[in-house]
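Between the sequences and the hints, there should be enough to build the whole structure, so can you do that?
Below, each chain spelled out in residue letters.
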Amino acid sequence: MARQLVFGLALIAALAIFPLFSPWSTVILTVALCEGLAALGIMVLLRAGQVSFGHGLFFSFSAYAVAFLAAAKVGHEALILIPVGMAASGLLAAIVGLFVVRYRAIFFGMLNLAISMVFFSLLEKLFPITGGADGKRVPRPTFAGIEFGREQFELATFYVTLVLCIVAALFVARYLLSPGGKALEAIKSNETRLEYLGVSPRKVLYGAYLLSGLLAGLGGAIIALVSGHVTPELAYWVRSGEFVFIAILGGIGGVAGPFLGALMFQIIRGYAAVYAPETWHAVLGVMLLVIIFFAPAGLYGIVAGKAGKPQREEGGR
Amino acid sequence: MSGVILEADDLHLRFGGVQAANGASLKVAANERIAIIGPNGAGKTTFINLCTGYLKPQSGRVVFNGQDVTRLSPQAITRLGIGRSFQIPQLFLDNTVIENLLLALSAREGSWSPFLPMQRHPKAEEMWALLDLVGLKEIGNRVVRELPEGMRKLIDIAVALALEPKLIFMDEPTSGVSSTEKFQVMDTLTRVLDARATTAVFVEHDMDVVARYANRVAVWTGGRIAHQGTPEEILSHPEVRETVIGVGI
Numbered sequence: 001m002a003r004q005l006v007f008g009l010a011l012i013a014a015l016a017i018f019p020l021f022s023p024w025s026t027v028i029l030t031v032a033l034c035e036g037l038a039a040l041g042i043m044v045l046l047r048a049g050q051v052s053f054g055h056g057l058f059f060s061f062s063a064y065a066v067a068f069l070a071a072a073k074v075g076h077e078a079l080i081l082i083p084v085g086m087a088a089s090g091l092l093a094a095i096v097g098l099f100v101v102r103y104r105a106i107f108f109g110m111l112n113l114a115i116s117m118v119f120f121s122l123l124e125k126l127f128p129i130t131g132g133a134d135g136k137r138v139p140r141p142t143f144a145g146i147e148f149g150r151e152q153f154e155l156a157t158f159y160v161t162l163v164l165c166i167v168a169a170l171f172v173a174r175y176l177l178s179p180g181g182k183a184l185e186a187i188k189s190n191e192t193r194l195e196y197l198g199v200s201p202r203k204v205l206y207g208a209y210l211l212s213g214l215l216a217g218l219g220g221a222i223i224a225l226v227s228g229h230v231t232p233e234l235a236y237w238v239r240s241g242e243f244v245f246i247a248i249l250g251g252i253g254g255v256a257g258p259f260l261g262a263l264m265f266q267i268i269r270g271y272a273a274v275y276a277p278e279t280w281h282a283v284l285g286v287m288l289l290v291i292i293f294f295a296p297a298g299l300y301g302i303v304a305g306k307a308g309k310p311q312r313e314e315g316g317r
Numbered sequence: 318m319s320g321v322i323l324e325a326d327d328l329h330l331r332f333g334g335v336q337a338a339n340g341a342s343l344k345v346a347a348n349e350r351i352a353i354i355g356p357n358g359a360g361k362t363t364f365i366n367l368c369t370g371y372l373k374p375q376s377g378r379v380v381f382n383g384q385d386v387t388r389l390s391p392q393a394i395t396r397l398g399i400g401r402s403f404q405i406p407q408l409f410l411d412n413t414v415i416e417n418l419l420l421a422l423s424a425r426e427g428s429w430s431p432f433l434p435m436q437r438h439p440k441a442e443e444m445w446a447l448l449d450l451v452g453l454k455e456i457g458n459r460v461v462r463e464l465p466e467g468m469r470k471l472i473d474i475a476v477a478l479a480l481e482p483k484l485i486f487m488d489e490p491t492s493g494v495s496s497t498e499k500f501q502v503m504d505t506l507t508r509v510l511d512a513r514a515t516t517a518v519f520v521e522h523d524m525d526v527v528a529r530y531a532n533r534v535a536v537w538t539g540g541r542i543a544h545q546g547t548p549e550e551i552l553s554h555p556e557v558r559e560t561v562i563g564v565g566i
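If you read the sequences in order, they're chains A and B. In this text, residue positions in the first sequence follow our numbering: the first is 1, and each later residue adds one. In this text, residue positions in the second sequence follow our numbering: the first is 318, and each later residue adds one.
Everything labelled a hint here was simulated from the structure, so no lab data went into it. Hints may contain errors.
To be verified - The list that follows gives simulated cross-link-like pairs (lysine-lysine, DSBU-like), each with its CA atoms no further than 30 Å apart:
hint : chain 1 : residue 1 : chain 2 : residue 2
1    : A       : K125      : A       : K73
2    : B       : K373      : B       : K344
3    : A       : K203      : B       : K344
4    : A       : K188      : B       : K344
5    : B       : K499      : B       : K483
6    : B       : K344      : A       : K125
7    : A       : K188      : A       : K203
8    : B       : K454      : B       : K499
9    : B       : K440      : B       : K373
10   : A       : K203      : B       : K499
11   : B       : K454      : B       : K483
12   : B       : K454      : B       : K344
13   : B       : K483      : B       : K440
14   : A       : K188      : B       : K440
15   : B       : K440      : A       : K125
16   : B       : K440      : B       : K454
17   : B       : K483      : B       : K344
18   : A       : K203      : B       : K440
What the hints assert, rightly or not - Some chain A residues well away from chain B (every beta-carbon gap over 10 Å; in silico):
hint : residue
19   : L11
20   : A13
21   : V118
22   : Q152
23   : L162
24   : Y175
25   : L177
26   : G181
27   : V199
A virtual CB, placed ideally from N, CA and C, is assigned to each residue, including glycine.
Structure below.
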């Protein structure tokens, strides 16, 4: 525990200091944190043994909500746009979750994918509203009422994102230790016993799905602000797949895992794009294979000293 | 029969060509200890599944404390006060023994605050006391996956008891337990059930256990009760001796 705490604090400190010495890294790190938030949402669902291949839906929905509001000048303030974008995706997760949580395993994953692809198509086809494949520009809003220049805005966004990530990670860590978090793990472990404790697995998963959608939405809202532009690509299945990739790369044993995975993903993508521009996807694939075979608990498992092999399934009715 | 808390009436259920319940009926009075005996495939576990919401009958009904529970979900039935343990223990294998009980406690108390770690539940001591009562306190912090089947069986029952049910169904509570420990386990369970005034219905294959711990025995064959009575009456019944006990149950 002490080792994980020290590591967590060191990671936060390194992240907080890095942009001061390398201003070029501010946006990259913010993007990594946003993807880490979405992957944290994936991690919550993975605790129940469920994988969503469609969380780009909530990521993009929130991003577009921010884009529309910012363009309409009704919400020209970052500190309003972020919670509104997050709430929008939370509302969507509350609706989608109503029927998605009835399914398990591959059906759960593919249903999420299908819904996200419907939304992707709508973003592409409804050109007069969404701007089609060109997307929408997001005017730079004020930050706490202050109009920043580009660099100051990016730096302020980064630090707010870092704080929000810490708050989100602490909340998820607490939730996973709570009875609700344990009930969530019980869906993976033994849903039958959970039912015979008088607990509705659907309600437990619904709560987790809502949390997961909110986390992805938070990431999406911030990425819209920091990139200043939203496109349908945010809802595309490749983006959703990246979130799952990041969660597995980072590991789901602790809340730092998805953020570690997101940082590593950005590093690999950045360097591979320079040194192997034609084959950078292959580099990512090899990396994932290495993790699955040699460190199934992910980067977090390596750091926390828990890089064991996944246990076999056992039991049943 | 006075003080009936559960009444299963004329339950029918067919799986393909198998009539798993064929007019199964049973009345359970408060504080009874009813043993269900019968050959394999007689429909004993199906009867428990029908009474606890895992299966729904094609006809017939189950009434618990005056409420029709036939079509209710397992979780709704559990919340009304019917607990159960399983032939194959149904536990959270990657959690510790105490965590299994604490989740049951949280479910019973409706404690779902995301800010309260389960281990710090205000009534956690109650679960340690229950573990002590069933002789499992020493292994409270062990992960269930590491434990032998016999212990898992007891933990499964302890989890059901943690919910403080009014009625508990136990499917073969002593299977997997060594013959020398069977009576010890049943003594412990009886003590806990008596202390909590919990009514119990249990499926059992060991006639020594039936004779010693049941105050009524229901003999199951072909998806229904063929005979019922006191252990003395049933275990000395010529037909039961020949068709049920004689076939080596």
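Violated hints - listed by number, lowest first: Of the numbered hints, 3, 4, 6, 9, 10, 12, 15, 24, 25, 26 and 27 do not hold.
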